[in-house]
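Novice: Take the sequences, apply the hints, and build the full model.
Sequential numbering from 73 applies to the sequence shown in the numbering used here.
One or more hints might be untrue.
[Claimed, not checked] Dumping the calculated DMTMM-like pairs for lysine to aspartate or glutamate here, alpha-carbon to alpha-carbon at most 20 Å:
(1) LYS133 to ASP226
(2) LYS166 to ASP156
(3) LYS196 to GLU173
(4) LYS133 to ASP186
(5) LYS196 to ASP175
(6) LYS196 to ASP226
(7) LYS166 to GLU107
(8) LYS133 to GLU176
(9) LYS166 to GLU207
(10) LYS133 to GLU107
Rather than coming from a laboratory, the hints here were simulated on the basis of the structure. Just so we're clear, the structure is a prediction, and the values are computed from it rather than from any experiment.
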Amino acid sequence: MIDVRPSQQMRDLGVVQHGAGILAEPARAFTLPAERDEAERITDELFAAMERIGQVHPFAKGMGIAAPQIGIGRTAAVVQPPGDAPAVILLNPKITDRSDELDEQYEGCLSFFDVRGLVPRPLKITVETTALTGETVTTVYERGLARLIHHEIDHLDGLLYTARMRTGVEPIPVEEYRQTGRAWAYEQ
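Specialist: Written as structure tokens, this is what we have:
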């Protein structure tokens, strides 16, 4: 049996991989409601990609995917929280506030799935998005969901999680990460 690396598996599922220019460029915002059809089409493509990926890899902590990761340079992302919570659709998201309190947890990325990195992020973020109708919506996210949302917004800004890691801290191979047994832990 041929052992397929996790990053190759993601590439085969249509996920743009590290090194592609689109992952390092800020995505273009939607003009809503004028571009509603385009925003809906891209959101549907993101959900389809999540469905394909979810069939081959479980995501106990939840998962997200941003349009640049499927080769589309627009400000759309979808986050599926853990459990049965409804998916979060992010159109033109901007972080408008963040807590001073940070925590550091391991993150992975579908665009370089062979490693995991210890990433400090705020425990709480306030995010403005644009609804399909053009209205601005403000939502506060906390803990693990804040981490997932922040990760995807970074993609839309052309950043990978490695840009947020502390100086001198390097990503570790996924095999080594699996041996840490570390799930995200937050105080209730």
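Novice: Decide if the proposed pair is consistent with the structure: LYS166 and GLU207, CA atoms, cutoff 20 Å inclusive.
Specialist: Holds: LYS166 and GLU207 sit about 14 Å apart, inside 20 Å.
Novice: With a cut-off of 20 Å on the C-alpha distance, tell me whether LYS196 and ASP226 pass.
Specialist: Holds, at about 15 Å.
Novice: Check whether the Cα positions of LYS133 and ASP186 lie no farther apart than 20 Å.
Specialist: Measuring from Cα to Cα gives roughly 17 Å; hence the hint holds.
Novice: Does the alpha-carbon distance linking LYS196 and GLU173 stay inside the 20 Å limit?
Specialist: At roughly 8 Å apart (the allowed maximum being 20 Å), GLU173 and LYS196 satisfy the hint.
Novice: Within a Cα-Cα threshold of 20 Å, do LYS196 and ASP175 meet the stated pairing?
Specialist: holds (10 Å)
Novice: Has the given pair, LYS133 with ASP226, been kept, meaning a C-alpha gap of at most 20 Å?
Specialist: Satisfied, since the Cα-Cα distance of roughly 18 Å is no more than 20 Å.
Novice: Between LYS166 and ASP156, does the CA-CA distance stay at or below 20 Å?
Specialist: Measuring from Cα to Cα gives roughly 25 Å; hence the hint is violated.
Novice: Does the alpha-carbon distance linking LYS133 and GLU107 stay inside the 20 Å limit?
Specialist: violated (32 Å)
Novice: Are the Cα atoms of LYS166 and GLU107 separated by 20 Å or less?
Specialist: OK: LYS166 and GLU107 at ~18 Å, within 20 Å.
Novice: Hint check: LYS133 vs GLU176, CA-CA at most 20 Å. Holds or violated?
Specialist: holds (15 Å)
Violation of the numbered hints given earlier is confined to hints 2, 10; the remaining hints are satisfied by the structure.
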